[in-house]
Each structure stands twice: as C-alpha cells, then as structure tokens.
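Which chain is which? The protein sequence lines are A and B, in order. For what it's worth, my numbering labels the leading residue of the first sequence as 1, then goes sequentially. For what it's worth, my numbering labels the leading residue of the second sequence as 1, then goes sequentially.
To be clear, the hints were calculated from the coordinates, so they are not data collected in a lab. Here a beta-carbon is modelled for each residue, glycine too, at the ideal position from N, C-alpha and C. Be careful, since some hints might not be right.
[Said to hold, decoys possible] Simulated pairs of lysine-lysine, DSS-like, Cα-Cα distance not exceeding 27 Å:
1) K511/B / K249/A
2) K556/B / K37/A
3) K511/B / K74/A
4) K445/B / K556/B
5) K445/B / K31/A
6) K646/B / K339/B
[Said to hold, decoys possible] Every beta carbon over 12 Å from chain A, so not counted as near; a handful from chain B, in silico:
7) Y231
8) I461
9) K462
10) E494
11) M502
Chain residues, written in single-letter form:
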Amino acid sequence: MATIKQGKNMKLYASIHVGSYGISMKVFEIKRGGGIKIIDSKRKRIEISRDIYESGRISTENFFEIVNTLRDMKNTLVMYGVDSYDAYATASLEAADNLLTLIDQVKILDDLELEILDYSMQKYRLYMALCQDERFLEMIEDRCVLVDIGGVGVQLTLFDKGKLVATQHAKIGATDVWEDLRLIGQKSDYIEVLSQLLYKEIETYYTMYMGGKLPKSLVIINNPIGQISADNQGAEELSNGRDYLKRIKRLLKNSAYDVNGEGDEDISVSKLGVPFLLLYQSIMERLPVEEVYIAPISMHEGLAYNYAYSHKLIKSPRDFEDDVISASWALAMRYDGREKHLKTLEGLSVQLFDAIKKRHGLNSRARLLLRVAAILHDVGKYISLSDEANCTYTIIKSSHLLGVSSRERKIIAWACVFRQEGVYPYENVAEELDRDDYFLVRKLHAILDVAGTIDLSHRQKYKKIGFRYNGTDSLFITMDTQDSMVLESSIFRKKSEVFFDVFAITPILRRKRIAGSD
Amino acid sequence: MKFDLPQYYENRELSWLKFNRRILNEARDNKLPVLNRMKFLAITASNMDEFFMVRVASLKDMVNAGYTKPDMSGMNPKEQLLAISKETHDFYEKQYTTLNRGLISKLKNEKLLLLDSYNQLDEKQADFVDRYFEEYVYPVLTPMAVDASRPFPLIVNKTLNIAALLSNKKRGSRLLKDKKGESKKDVFATVQVPSGLPRVVEIPNSSGMEHTFIMLEQIIEKNLSVLFKNYDVVCAYPYRVMRNADLPIDEDDASDLLKEIEKQLKKRRWGEVIRLEIDDKMDSRLVKVLQKNLEVEKDAVYKCNGPIDLTFAFSLASLEGYDHLRVEEYKPCDNPKLKSGCNIFDEIKKGDILLHHPYESFEPVVDFIRQAAEDDNVLAIKQTLYRVSGNSPIIAALAKAAESGKQVTVLVELKARFDEEHNIVWAKRLEQSGCHVIYGLVGLKTHCKIALVVRREEDGIKRYVHLGTGNYNDSTAKIYTDCGLFTMSELIGEDATAVFNMLSGYSEPEKWNKLFVAPIWARKQFYRLIDRETQNAKEGKTARIIAKMNSLCDQKLIERLYRASASGVEIFLIVRGICCLKTDIPGISDNIHVSSIVGEFLEHSRIFYFYNDGEEEVYMGSADWMPRNMDRRVEIIFPVEDVSAKAKVLHILKVLMKDNLKAYYLKEDGQYFRYDKRGKKTLGAQATFCDEAVKAIPDQEKNYTAKTFIPIWGENVDIPIQ
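Construct the complete structure from the given sequences, taking the supplied hints into account.
Structure, rendered in structure tokens:
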C-alpha cells in the first residue's frame with residue numbers, strides 16, 4: 001500500500017513543556033489558513049518546584065521520572081512523524097543546581113533537545129495563543145487585566161482600549177505562598193493572615209501601575225480550578241466576578257477538610273492548590289471585576305501559534321510588534337519621557353536602519369529592538385541625571401515588556417548604555433552578552449547614536465530628512481533645515497567613526513541648500 | 001421515603017445461585033437436544049467451581065477475619081455461608097437427579113451408554129479396561145499411602161482423587177489409630193486421577209449401543225489392587241477438593257506486578273479447602289479421614305450421586321457424529337457493511353458500524369487490527385486485552401505491527417481472574433516483538449474493551465476506534481452475545497487517545513467528550529441519566545429506562561432505580577445473572593420489570609437506554625452495574641449516536657424485551673419464572689437475531705442452494721474508463 005504523504009498545506013507540530021508542577025505535551029495539526037487542532041495530549045504530574053524549594057535541586061527520583069516521561073513523549077512525536085517540535089523547560093527550573101545535568105541527560109538518553117524558555121517569552125507565547133481568542137480580543141477593548149500565576153511569580157498585564165499598557169511581574173508565586181503556608185499553616189487564621197499579605201502585594205501593583213483605575217474584567221490563563229481540583233468537568237469559561245470569587249472561597253474552605261479526607265469529593269483540592277487559590281482570592285478581592293474569563297489555552301497553544309505564524313501557516317490576527325511598542329511607550333511615559341524627541345529618534349533610527357538594509361544583515365526583530373531602544377534610551381534620566389546609564393539599564397532590564405525576552409531586554413539595555421557611555425570592550429560585557437549579541441548591541445547602538453546626533457538639540461530642527469546609501473561606503477543624510485547645525489555637525493564627525501567601525505559605511509550629514517539662505 | 005432498607009435487596013450470592021438454577025433448567029429442558037442439555041449441566045458444574053473458589057472463599061475469609069458487617073440485604077458473612085450451603089446442597093441433588101433420571105437414559109435411547117460402575121462391564125469390556133489401565137493409566141499414577149512415616153499428602157486444588165481403605169495387618173496409618181493408640185488394621189491411601197488423560201473413556205460397545213463409555217476413575221478403581229499389591233482393597237471412592245482461590249494481590253508493595261502474580265499463582269494450590277466432594281456411597285471411615293486431614297467442616301462436604309465434577313459432560317456434549325443431538329451450530333454472518341476483503345477503514349469512513357456478535361462475525365474486529373498492522377499509513381495501534389483466546393489472531397496481528405515498526409501499545413490485564421497465567425505468556429510474547437506492554441494499573445483492573453488505530457491520511461491524522469462490550473477473544477465471540485462499534489468520530493477518537501494516555505500514566509483527563517470512564521466518572525454519569533428520567537417523570541413527562549447487563553448489584557444504583565420507579569419511571573432491566581434488585585415492592589419498585597435470558601449463547605452485552613423526554617440516548621459498554629465495575633475497574637461506556645447504529649441497538653432491545661421463549665421474569669417473591677407459552681406465539685430473541693443476520697446478507701453471498709442461476713449481462717457491468 002502506498003504511503004500517504006500529508007499535504008504541504010498541513011503540518012504536524014508538537015510541543016513539550018517541563019513546568020514547575022509537571023511535564024506536558026501536545027501534538028497539533030496545523031492547516032494552512034485553517035485552525036489548529038490538538039491530536040494528542042499528555043501530562044504527567046511531577047512536583048519539581050517542591051524539590052527545588054526544599055533542596056535547590058531536582059531529586060534523583062524526579063530526575064529519572066522526567067527523563068522517562070520525556071522519552072515516552074519523544075516516542076509519541078516519532079510515532080506521529082511530526083514536522084517540527086519544541087521542548088522547553090520553564091525558566092523557574094533554572095533555580096535547580098542540576099538543571100544543566102538534566103538537559104544533558106535528556107539529550108543523551110532521550111535524544112531530545114530541551115531548552116530553557118525565558119519567562120517573558122513564555123508569557124509572550126501564551127499571549128500569542130490568547131490573541132486567537134475572540135472573546136479575549138473583545139475584552140481588552142475595555143480595561144482588562146490578564147492574570148497568570150505560576151510557581152515563582154504572578155504576572156499581571158493591563159490592557160486598555162485594545163492596547164497593552166503595562167506588564168508587571170511580582171515575585172510571589174505559588175511556591176512562595178506554599179512555603180509561607182508551611183510556616184504558618186498550623187495557625188487557625190492562616191488563610192486570613194496570608195490573604196492580607198498577598199492583598200498588600202496586589203495593592204502595590206494597583207497603585208503603581210493601574211493609576212487607581214479598576215479593570216472591568218480579568219482574563220485568567222492556566223485555569224487554576226481545573227488544575228487543582230477534581231471538579232474540572234464542565235467548568236464555565238466565563239463567569240461573573242463575584243461568583244468566581246465565591247467559588248474560590250468555597251474551594252479554599254474545602255481544602256481544610258481535605259486534610260482529613262472529608263472534603264466534598266466533587267471539589268476536593270489538592271494541597272498544592274491552596275497557594276493558587278489564595279493568590280487568586282487576593283487578586284479578585286483587590287481588583288473586583290464584573291467578569292472573569294478563564295481562557296482555554298496553555299503554553300502549548302502559544303508555541304503552536306508561534307510555529308504557525310513563523311511558518312506563515314496562519315496569519316496573526318494582531319500585530320504583536322504593536323503591543324511591544326505600545327508597552328514601551330507606556331514605560332517611557334511612566335518615566336516622563338519627552339514624547340516628541342523620542343518619536344523623532346524612533347523615526348530616524350528606523351529610517352537609518354532601512355537605508356542600510358543591504359549592509360547591516362539584521363532582521364525585522366532587530367528593527368523592533370531598535371525601536372524599543374530608541375523609545376527607552378534615556379528612561380534613567382528620571383531617576384538620576386548623573387547616573388543615567390546605570391538607571392536606564394536597570395529600568396529596562398527589570399521591566400517586563402510582553403513579547404520581549406530577557407535576553408532581548410539585555411540587548412536593548414546595553415545599546416542604551418553604550419549610547420550614554422560609549423562602546424565597552426567585549427571583555428567588559430562578556431558575562432552578560434555572547435559575541436553575536438554584543439555585535440548586535442553595537443549595531444543598534446551605532447544607528448541609535450547617529451540618529452540621536454541628528455536630533456541632538458531635541459528641537460527637531462529639520463523640516464525633512466532624507467537617507468541615501470550609495471551602495472559602497474557612504475550614507476548621505478540630507479536635512480532640509482534653516483537652523484544652525486554647527487553643534488550637530490561637530491558631534492556627527494565623531495559619531496560617524498563609530499558607525500564606520502560597525503558597518504564600514506561613513507554617514508555624511510548634508511544640508512539641503514535653500515535659495516536665499518547662506 | 002427510604003430506599004435502602006435491607007428487605008428491598010436480594011443477597012448477591014443467593015441471586016447468583018438462582019442464575020445457576022436457570023442454567024440447570026436448560027439441562028432439564030426436554031425440548032432441547034440431549035447433548036446441549038449435557039453442555040448446560042457441565043456449565044452449571046464449572047460455574048459452581050468458580051463460585052466456590054471466589055465467592056465462598058471470600059466469605060470464608062471474612063468469617064475467619066471476624067468480619068460481621070451485613071451486606072445490603074442484611075445478612076452477615078456467616079448467615080450468607082449458611083444460606084449458600086443449604087442452597088448448594090440442594091442444587092447438587094438436583095444436578096445429579098438431572099443426570100441420572102434424565103440425561104443418562106436419554107443418551108441411552110440414542111445408543112450412547114455411560115456405565116455407572118466397572119461392575120457393569122462385560123468380559124470383553126473388562127479386558128479392554130484392564131489393558132487400557134496397564135498401557136495408559138498405570139504409568140502416570142502415584143499412589144500414596146498414609147502412615148506414621150508418610151504424612152497426609154497435599155491434595156491439589158480441583159483434582160479428582162480416589163481414596164481407598166487397604167487392609168493391612170502389620171502396619172497401620174497414624175491417622176487410623178484407635179482410642180488406645182494402637183494401629184487399626186486398615187490403611188488409608190489416595191491416588192490422584194491423572195488430569196492429562198481423558199476423563200470419559202470409550203470402551204467396546206455393549207450390545208445394541210453405538211458408543212459405550214466409562215469414567216476414568218472407574219478404570220482406576222477396578223485396578224486399584226495393582227497399585228497396592230501387598231494389600232487388600234477394602235473399598236475405594238473418588239473425591240475432589242476445592243481450595244480458596246481468591247488471592248488478594250498487594251499491588252502497592254509489589255515492585256514488579258508480573259512477578260507478584262507469578263508468585264501468587266504458585267501459592268494458589270496451598271489455599272484452604274472450602275469444599276470436599278465425595279461419592280455419596282463413600283465409606284464413613286474414609287469420609288472421616290478426609291474431613292479430619294483436609295480440615296473440612298461437615299457442611300462443606302458434598303455428596304455426589306454420580307461422577308464427581310460434572311464438567312466431564314462437556315466432552316460428551318461435543319461428541320463427533322452426533323450433530324442431530326445438538327442445536328444446529330450457528331455460523332456468524334457477515335455484517336452487510338463489511339464484506340470480506342473490504343478495506344475496513346474505507347467502510348468506517350462511510351459511517352459508524354455496529355456489530356452484533358455472535359450473530360455477526362467477529363472477523364472484522366480481527367481484520368481491523370490485521371489490516372492496521374499491514375497498512376503503511378498506520379502510525380499506532382493501541383488496544384486493551386482482558387481475556388484473549390489461545391493462539392489469538394489479534395495477538396499475532398499486534399506482534400506483526402510492532403515488528404514492522406509501528407508503535408503498538410497493549411494493556412494486558414494480568415489480573416483477569418483465572419487467566420493470569422495465560423495472559424503472562426501473551427504479554428511476554430508481545431513485549432518480545434516490540435510492543436509497549438502495560439501490565440495493568442495498580443489497584444484497578446482494566447476491563448474496558450477499546451482499540452485505537454491512528455492513521456496518517458491526506459487531510460491529517462485520523463483515528464479509528466473500536467469499542468466493545470465483550471473481550472477481544474475470537475473464540476468466545478462465537479458464543480457470547482456482544483456489541484461492538486467501529487467509529488471515526490473525532491470526539492470519540494480524542495477520548496480514546498486520552499484513555500490510552502491515562503492508562504500509560506501520562507494523562508489526567510480534564511474532560512471527556514463522549515465516553516463515560518470508570519472509575520470516577522461513569523458512576524456520576526449514570527446517576528445523572530437516571531436522575532434525569534426521575535425528574536422527567538416528576539414533571540409528568542414520559543420517562544423510561546431500559547438496561548441490559550450481566551449483573552446488577554450496586555446498591556447506590558439500585559437505590560436510584562427505586563427512586564426513579566417510585567417517581568413513575570418505567571424501567572425494564574434485562575439482567576442475565578445476579579440481580580439484587582427486587583421487583584413489585586409497593587411504592588418502591590412497582591414500575592420495574594426484570595427479565596433474564598438464558599439461551600444457547602451467553603448474554604454478555606451491556607446496553608443502556610434512556611428516553612430523555614423523546615431525545616432517546618443509547619449507551620453501551622464494558623461495565624455492569626456492580627460496585628467493582630463502577631469503582632475498581634477501568635471501564636468505558638460509549639454513546640451510540642449514529643442514526644443507523646442507534647436504530648439497530650433500539651431494535652436489539654425491543655426484541656430482547658419481547659422474548660417469551662428463553663426469558664425468565666423475576667417475580668415479587670424473588671423467584672424467576674417463564675411465561676406459559678401455551679396458545680401464544682413464541683419469540684426467542686437469540687433465534688430472531690440469528691434469522692435476521694442471515695436475512696441481512698445479500699442473497700448472492702449466501703451458500704448457494706438455488707437451482708436456477710442468474711447470469712450477469714454486459715449492460716449491468718460497470719467498465720472502468722481507462
């Protein structure tokens with residue numbers, strides 16, 4: 001019998017995710033222009049985060065459980081003959097001393113490449129999947145907070161009028177709460193005490209990032225009730241905020257009985273579920289909303305959509321670059337950025353980038369990072385004029401920009417530092433950047449520097465500006481201006497050397513002569 | 001209103017004994033050919049053996065452990081044992097009356113003679129018997145005498161033995177001492193009747209007979225003096241012991257389940273003796289020796305007025321050349337949708353296919369796996385196996401698939417009672433051929449019958465699923481009535497994948513699209529379906545439940561049925577075996593009717609119907625309404641939604657409910673009765689299904705008997721255009 005080949009218009013993709021609480025795998029069938037269908041799904045509970053919390057490493061028992069589980073999952077991928085797959089370990093596992101050993105052993109024993117997925121990218125992938133959800137897109141047209149509680153932290157992302165406003169990551173994950181529970185769990189009012197503590201944390205977010213304005217709805221990813229209680233059949237995806245809070249409280253109440261095995265069998269909660277419930281309770285009490293939507297997506301859908309978008313199988317319904325830019329603007333504005341200058345710089349940088357496209361060898365992602373760097377290049381000024389570079393670096397590195405990985409944030413931060421303090425030799429940054437990233441930083445910095453010099457006075461002196469690359473060694477920048485350009489021209493010569501060092505192109509600043517002027 | 005009072009429930013053991021009585025009734029049914037009656041008699045005996053080994057043994061364990069909690073009918077273990085003993089003694093009597101007064105003389109009328117005793121042999125026959133003994137029997141016998149230096153030997157479970165008293169002037173058994181401690185004259189000896197030789201031996205014919213038989217133990221008894229040459233045989237009688245076979249397997253402690261079961265099998269022969277069957281004429285001295293040494297109470301001694309272990313009747317029932325003394329053997333027909341040689345996947349693509357065995361052949365199920373094994377586009381085959389036949393074609397196909405590089409996952413349930421040893425062999429064979437074998441789940445028996453084939457097709461991955469009510473056993477599929485469904489429903493396919501992921505320990509299903517899976521979910525779903533009918537009845541709507549199963553003894557489900565009945569739901573139950581529900585209790589179960597069909601085929605399918613205010617729902621599956629199925633086994637109940645498949649199941653239920661030939665009906669006094677058929681048109685469900693299956697095959701495929709031939713003309717032939 002002839003073997004049937006799957007059409008070019010269909011791909012099989014699989015994702016494996018080693019999370020804090022277990023390993024999961026999904027196999028997807030992706031049809032060009034069509035939808036994504038799950039054709040297999042496996043999940044194994046392994047409490048890795050507890051191991052890490054207790055001993056700082058993955059226990060031997062769980063180590064081999066992970067290896068064996070991954071082998072089974074790898075076999076499943078082979079069985080389906082998937083076109084591509086990704087296997088990721090969640091970033092929180094980096095806290096385990098023996099994670100690299102695990103990755104190595106998984107490679108040797110299972111022939112599986114396990115990578116660590118950066119926390120921000122993890123969230124970004126989830127967000128990508130979420131953007132396929134019409135209800136979510138509808139909800140973010142109004143003020144809406146996206147909530148994701150993980151083992152090591154809570155991420156809250158505020159949307160307003162369809163735009164991403166702010167993402168903040170608070171380091172109060174379920175594992176921390178679980179540890180607190182162990183410390184005070186014997187007290188009769190432990191739930192109340194912990195709730196107050198968590199409430200305060202959420203209060204800070206509310207005041208700092210939400211400008212005191214309550215959201216209308218909450219969107220929850222990684223359905224907590226489904227994961228932690230046996231009652232996961234027929235759970236409503238959309239519920240009234242008050243009802244949902246009541247339900248969480250009821251589950252929490254039941255968790256007390258669970259210890260004695262007397263809980264209502266329908267809604268018994270696993271011990272590890274309590275921290276999740278406490279966190280959700282605190283969030284919902286501080287941010288009382290009209291609607292709660294439990295989005296039926298996971299990390300896997302995010303990875304699958306990322307694969308589908310990048311292989312042009314499915315068109316993204318949303319411009320994710322827009323989200324990154326809008327979050328960058330929100331961050332810049334928090335630190336009193338001068339909008340006009342930043343916009344000018346962003347525009348000039350992009351024009352410059354596009355003008356030398358044939359020579360810089362950078363992709364569209366680098367173009368996005370350049371835009372973010374332009375918008376955030378001087379955020380540190382808000383904190384300190386004398387230590388601007390350091391403050392800018394710190395702010396960028398520690399702010400969560402949905403859709404930008406921590407590696408990318410580092411690249412942006414260093415480009416901004418170089419802009420303030422000049423280029424550092426590689427040895428000085430080798431701990432943070434590898435050679436490729438270092439060179440990317442230098443390229444971004446060179447563009448940013450030249451663009452910045454054009455608007456050195458922050459007064460947008462020109463009416464029009466043109467960039468023309470001659471195809472060999474010169475880039476002509478022609479400005480249509482009547483103002484004096486003495487300052488810019490003098491600095492420009494110095495900056496053009498830096499630019500030449502990186503691209504072997506000399507930028508030449510020219511002024512368009514206007515009749516009657518000198 | 002209370003629905004859980006003990007008087008509303010029948011004891012499950014007594015209900016089972018009633019079921020065995022219904023089978024015995026078949027052996028007593030004059031209208032049935034004699035060899036079929038012999039088979040039914042043998043079935044009652046083999047059933048009884050299992051009942052003792054499992055149920056009686058378990059009750060004995062309870063009594064030994066001091067457990068006194070009453071069952072749902074209010075009887076504690078001791079009371080149950082007492083009632084069982086009374087009933088089974090009576091049953092034994094009836095079995096032997098059936099044999100002696102009915103069957104043996106019926107056989108004789110057909111010129112088939114079974115000699116009672118070696119005393120009835122004529123000279124020629126006696127010579128033959130002695131020669132037979134010398135040539136075949138003597139070499140394999142191990143006679144064992146008991147005295148001071150030779151302790152009482154181990155009598156192996158379920159073996160037939162001969163106990164003898166030997167006169168001995170010099171030596172005496174320590175077991176046969178008188179009050180003064182002096183040896184008596186007689187010696188006790190025992191010899192096992194070899195199980196490797198035929199139990200029924202054909203000998204030269206008595207005059208006027210076509211075949212004459214004698215029991216093997218009679219041949220040995222006749223020649224006992226040859227075994228004990230220095231003794232006189234005072235008397236000799238056969239006996240048989242039954243030991244406790246209900247072995248608890250401590251799975252939590254067993255690091256390797258397989259080894260644990262192998263170990264337990266070795267232990268089985270050492271179990272406590274729970275029944276001693278003896279010849280009713282056995283010398284009282286022999287009875288005493290046996291009772292004392294085997295530690296058997298008087299109640300546990302069963303006197304047999306004829307050959308012990310009536311399973312010997314199976315061999316007579318299958319006697320060659322006597323088909324006229326048997327119901328004509330039914331040959332399963334092809335399902336009209338699955339002609340032989342068809343591509344089964346193409347057919348399933350056209351729509352769900354429902355198979356009704358044994359009326360329809362089981363071959364498509366074997367073909368499903370066989371074709372999958374040979375199909376290059378098949379990526380994986382996953383299947384559960386509970387009891388498979390010897391030399392199973394399914395096992396062969398699975399092994400072949402694994403050898404050709406397909407991913408084959410098989411769950412072989414090692415804990416299938418009495419099949420453990422058999423299953424270990426197959427499991428090992430499958431593993432050697434490269435299958436991924438799961439040896440069951442800790443704490444649960446995997447009883448569901450499901451096979452999944454994952455196939456790569458042009459428009460994506462497709463899943464073909466077979467779900468059944470019976471085992472993947474091509475032999476029993478010819479005698480058990482079961483249903484199976486082939487489907488490529490995406491929703492069921494997703495569920496099937498989830499089931500196998502769950503069985504391999506890699507999934508915690510968050511939702512089921514269509515399947516009810518036990519444990520955890522199935523019980524709740526049944527509650528929901530029953531309660532929905534109750535609610536509809538309360539609202540004045542028509543409400544009806546029809547359920548067919550092998551056994552009904554789950555108190556919580558019965559309670560719900562009572563509640564439904566009390567609310568006005570019309571309930572019809574077709575329960576082959578145990579039924580702990582009582583009918584006609586005023587205000588409790590007035591609306592419940594129970595029937596039980598005992599016929600040529602063993603009723604085995606489980607079908608559940610709910611009227612649902614006109615939106616009828618039909619389910620089938622592997623589970624009975626028993627606590628073990630709901631709580632301690634992995635079971636699957638699946639909906640039948642395809643219009644034609646559903647219509648077929650509804651028809652099956654309709655015919656089963658109309659049966660007035662083979663169906664018994666449960667009366668308010670707990671007894672079963674058959675309708676008086678005089679002057680009425682009779683309808684036997686099994687016979688009806690046989691007829692219908694034959695009629696469903698297009699004429700040209702039936703065995704050709706017509707004398708006119710129909711030519712095929714050119715204009716009727718489609719010639720493919722090149």
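### Query
Which numbered hints turn out to be false for this structure?
2, 5, 8, 9, 10, 11
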